[in-house]
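Each chain, letter by letter, is given below.
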Amino acid sequence: MNEYVERVAAQLQARYATEPEYLQSVLPWLTLIAPVVDRNPAYERLDLLTRMVEPERLVSFLVPWTDDTGAAHTCHGYRVQFNSAIGPYKGGLRFHPSVNPGIVKFLGFEQTFKNALTGLPIGGAAGGADFDPRGKSNREIMRFCQSFMIALYRYIGADTDIPAGDIGVGAREIGYLYGEYKRLTGLSESSALTGKGLTYGGSLIRQEAAGFGAVYFLARMMEDAGETLEDKRIAVSGFGNMSWGVCRKAAALGGRVVTLSGPDGYVYDPDGVATQEKFDFMAAMRHSGADRVEDYARQFGAAFYPGKKPWEVPVDVAMPCATQNELDVDDAVNLLANGVRYYVEGANMPATTPALKLLRLSPQIRAAGAKAAGSGGVAVSALEMVQNSLRYSWSRAEVDRRLRQIMSDIYDASVSAAARYSLGYDLIAGNDIAAFEKIAAAMMAQGL
Amino acid sequence: MSFQNAYLNGLMERVVSRNPAEPEFHQAVGEVLQSLDSVVTAHPVYITEGVMECLVEPERIIKFRVPWEDDAGIIHVNRGFRVQFSSAIGPYKGGLRFHPSVYEGIVKFLGFEQIFKNSLTGLPIGGGKGGADFDPKGKSDAEVMRFCQSFMSELFKYIGPDTDVPAGDIGVGGREIGYLFGQYKRLRNEFTGVLTGKGLTYGGSLARTEATGYGLCYFTDNMLRDSGRDFDGATVVISGSGNVAIYACEKATALGATVVAMSDSNGYIYDKNGIDLGLVKQLKEVERRRIRDYTLTHPQAVYHEGCRDIWQIPCHIALPCATQNELSDVSARTLIHNGCFAVAEGANMPCTPKAVAALQEAGVLFAPAKAANAGGVATSALEMSQNSMRFSWSFEEVDDKLKTIMTDLYQNAKSAAAAYGMANDLAAGANIAGFLKVADSMLAYGLV
Numbered sequence: 001m002n003e004y005v006e007r008v009a010a011q012l013q014a015r016y017a018t019e020p021e022y023l024q025s026v027l028p029w030l031t032l033i034a035p036v037v038d039r040n041p042a043y044e045r046l047d048l049l050t051r052m053v054e055p056e057r058l059v060s061f062l063v064p065w066t067d068d069t070g071a072a073h074t075c076h077g078y079r080v081q082f083n084s085a086i087g088p089y090k091g092g093l094r095f096h097p098s099v100n101p102g103i104v105k106f107l108g109f110e111q112t113f114k115n116a117l118t119g120l121p122i123g124g125a126a127g128g129a130d131f132d133p134r135g136k137s138n139r140e141i142m143r144f145c146q147s148f149m150i151a152l153y154r155y156i157g158a159d160t161d162i163p164a165g166d167i168g169v170g171a172r173e174i175g176y177l178y179g180e181y182k183r184l185t186g187l188s189e190s191s192a193l194t195g196k197g198l199t200y201g202g203s204l205i206r207q208e209a210a211g212f213g214a215v216y217f218l219a220r221m222m223e224d225a226g227e228t229l230e231d232k233r234i235a236v237s238g239f240g241n242m243s244w245g246v247c248r249k250a251a252a253l254g255g256r257v258v259t260l261s262g263p264d265g266y267v268y269d270p271d272g273v274a275t276q277e278k279f280d281f282m283a284a285m286r287h288s289g290a291d292r293v294e295d296y297a298r299q300f301g302a303a304f305y306p307g308k309k310p311w312e313v314p315v316d317v318a319m320p321c322a323t324q325n326e327l328d329v330d331d332a333v334n335l336l337a338n339g340v341r342y343y344v345e346g347a348n349m350p351a352t353t354p355a356l357k358l359l360r361l362s363p364q365i366r367a368a369g370a371k372a373a374g375s376g377g378v379a380v381s382a383l384e385m386v387q388n389s390l391r392y393s394w395s396r397a398e399v400d401r402r403l404r405q406i407m408s409d410i411y412d413a414s415v416s417a418a419a420r421y422s423l424g425y426d427l428i429a430g431n432d433i434a435a436f437e438k439i440a441a442a443m444m445a446q447g448l
Numbered sequence: 001m002s003f004q005n006a007y008l009n010g011l012m013e014r015v016v017s018r019n020p021a022e023p024e025f026h027q028a029v030g031e032v033l034q035s036l037d038s039v040v041t042a043h044p045v046y047i048t049e050g051v052m053e054c055l056v057e058p059e060r061i062i063k064f065r066v067p068w069e070d071d072a073g074i075i076h077v078n079r080g081f082r083v084q085f086s087s088a089i090g091p092y093k094g095g096l097r098f099h100p101s102v103y104e105g106i107v108k109f110l111g112f113e114q115i116f117k118n119s120l121t122g123l124p125i126g127g128g129k130g131g132a133d134f135d136p137k138g139k140s141d142a143e144v145m146r147f148c149q150s151f152m153s154e155l156f157k158y159i160g161p162d163t164d165v166p167a168g169d170i171g172v173g174g175r176e177i178g179y180l181f182g183q184y185k186r187l188r189n190e191f192t193g194v195l196t197g198k199g200l201t202y203g204g205s206l207a208r209t210e211a212t213g214y215g216l217c218y219f220t221d222n223m224l225r226d227s228g229r230d231f232d233g234a235t236v237v238i239s240g241s242g243n244v245a246i247y248a249c250e251k252a253t254a255l256g257a258t259v260v261a262m263s264d265s266n267g268y269i270y271d272k273n274g275i276d277l278g279l280v281k282q283l284k285e286v287e288r289r290r291i292r293d294y295t296l297t298h299p300q301a302v303y304h305e306g307c308r309d310i311w312q313i314p315c316h317i318a319l320p321c322a323t324q325n326e327l328s329d330v331s332a333r334t335l336i337h338n339g340c341f342a343v344a345e346g347a348n349m350p351c352t353p354k355a356v357a358a359l360q361e362a363g364v365l366f367a368p369a370k371a372a373n374a375g376g377v378a379t380s381a382l383e384m385s386q387n388s389m390r391f392s393w394s395f396e397e398v399d400d401k402l403k404t405i406m407t408d409l410y411q412n413a414k415s416a417a418a419a420y421g422m423a424n425d426l427a428a429g430a431n432i433a434g435f436l437k438v439a440d441s442m443l444a445y446g447l448v
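Residue numbers (the working numbering), protein chains in the order written: chain A, 1 to 448; chain B, 1 to 448.
Some hints could be false.
Said to hold, decoys possible - Restraint ranges, calculated between C-beta atoms of paired labels, are given here:
# : chain 1 : residue 1 : chain 2 : residue 2 : range
1 : A       : Leu187    : B       : Arg60     : 55 to 61 Å
2 : A       : Ala14     : B       : Arg288    : 41 to 47 Å
3 : B       : Leu443    : A       : Leu187    : 31 to 37 Å
4 : B       : Asp71     : A       : Glu3      : 22 to 28 Å
5 : B       : Ser153    : A       : Arg15     : 25 to 31 Å
Hints listed in this document are in silico derivations from the structure and should not be mistaken for laboratory results. Bear in mind the structure is a predicted one, so any value in this text is a computation, not a measurement. No residue lacks a Cβ here, since even glycine has one placed at the ideal position from N, Cα and C.
Just need the whole structure built from these sequences, with the hints factored in.
Structure, rendered in structure tokens:
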């Protein structure tokens, strides 16, 4: 491999040995974009790679808050402003006990490249806190969000950094965060956050966008292979916002999502998660905060497999939509043995490095990564920013049409970049290369 | 210079005595006042309410030191300028020029002219200009970058998307805008449309490159149609082979004309079959070679050393797109003798005053640079619109808007000239139409 790429990889491993998710996200990426670096020796002269794989800025802060009994707690908050070469920083906030600097850096890194190919002017960022919203009251959530925003507000803004939701941060949290931001700044600066409610600057389709985008991407892959979603069986993990959108759009296009999963196990529903009642039940399960999927099995008489993952079910399509590293080599072997033909990532980095390599290189499977297929959410976030800037709202149909077009453009950019580097049909490498080329061009133009 | 209006005579004297040793500025003010002679007589309110007195005095001039280090470690100090001339109809807007000839008088002259050109586009942009007496010629990329960074470290305090939006000019192209933008973003931690002429990966507009040349042809087309002619079947001579010339050639050809000659600073080519623009683009935009090499693959074409004689080629329409004072009264008489019926200026001031007089006297349609090449700055303003929306238009959308702007601009200049007894003097009409919009806004604000 390229000597400069190897040097950057070695430096990262030495410096960030305690941040495994960050390294797991960056190191395989470096091998995929190495051919571009080979062709552009100027990158090394301006040390482009170091400036691209490390964040421009990492802000960390304490978030003190009181629970309903009056007891004080202290959480750790972060915002990583990863890359602003093509637009203001943009990425979600995650509230989950696992959040630490390595996790937000991995998310910010992925976000940078995900955002680049949406065709909209947004840089990359991520943030969050090691706060666990599970079992918290509305008041507790509100107090936490207010304290979090008091620490964060001085670093964000419509032209600087625009946070959105992620795991543990949904419409309720965005509402509290935006209210506090507005109060602190005295500005009704609606495009300082996205994922807002429809009454105060949100966009139609924003809730559905992540899942719809992933299915649009899958449909585009199938179209290229001369197939449609009609009667295809899909295994989905998770039961959150992404999974909910996938179930809805897959059903609309004739496919059937037959599994959902949670920390407690997975459910198998051979009829498909395909009715309004089931969609609504999913949403209610998520809002309950119980973080348990077994309730679905009980409600609809589906089979529940405690402690297991859905990757053992024979399906046409596998779509991991839960969280990072939920799919390991054993799962990948299962998928291959069961004849799965499409692998489409909804969650960020859901597969371990060896599992992804196995799937990516198997001739039996067409694989798409989260940086491409998972970008529907942020694409519509950026469209929410456009509408806020216009001080005008688009219809449902117009946002949906633009989303579908964006997913199709990302697909085309990935296919053509892979072809330019003689990689055959490799959507994952093609996507990384196309996004890298765009950001590299902007960074080179802007100098040190 | 003398005026029929006595007040203007006094005003001109004051401009000369208050701005000693700035002949370019005197000339620019004199030329505009000449066009306004009958306007202020008809509307004395512009005099009594102080509009004229304020108009010739910049709202603000900033002059600053720009220290930088060359590759050998030697320190240099240049002078930087920004003239914020008029914000009556929008934020200050105008280019930055890096050239050894830059001093206060030059930027004031350019800033003054910019007020009227910008007003004429119909878009909300005021007038400004700036630059430095820095010579980019022979400097390394790294030196240019360090200079731009030092320049911006001072300038950033005075500019912003709602305050002042610089662009390029001589010595400031895509490379310099990139470095300037990168430094601004780093200093402010904001990604905004603070500069125009940006690269496509970080907020630039499609069709910006083509805009001046296309706009020139749209303007000329309007002018031709007004007297019952058009490009279709016409023989066209274009001087130059830079951006303006290349895209003027492309559009003129698309409109049915045959472009038979183009030039560079060494000489010109004559190809009676019509210029092969693909080859010219290859030579000039890709390989950076001389235009003489055109004949290597096109032996039917003839190369002539020296540029002046290009106007001896018989043509219907002449588009001088090379440089100032390239078309003399002698050349004008040759064009008239050969049956040329229209001359449109793509470059800034390519026709000498005597040439303009000769053309107008002979009844040749004449499109002055101030109006005819305003497509460039108009598209800069469209770049600002897109940045404000956080969204990009397609090439066709930008091109359509440009076409409309050039048509409106032609109509406004023509009717303003006619309204004040200077029919067919589009240069005077452009000054008048531009002036009225600015002056009426100033009246509305009172003394500010």
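Verdict for Ser153(B), Arg15(A) (Cβ pair) under range 25 to 31 Å = holds, 30 Å
Outcome of range test on Cβ distance (Asp71(B), Glu3(A); 22 to 28 Å) = holds, 25 Å
Leu187(A) paired with Arg60(B), Cβ distance criterion 55 to 61 Å = violated, 27 Å
Range hint compliance [Cβ, Ala14(A) to Arg288(B), 41 to 47 Å] = Holds: the Cβ-Cβ distance is about 43 Å, inside 41 to 47 Å.
Given the hint of 31 to 37 Å, check if Leu443(B) and Leu187(A) actually sit that far apart at their C-beta atoms.
-> Between Leu443(B) and Leu187(A), where Cβ atoms are some 32 Å apart, the hint holds.
Hint 1 alone, counting from the list given before, is not met by this structure.
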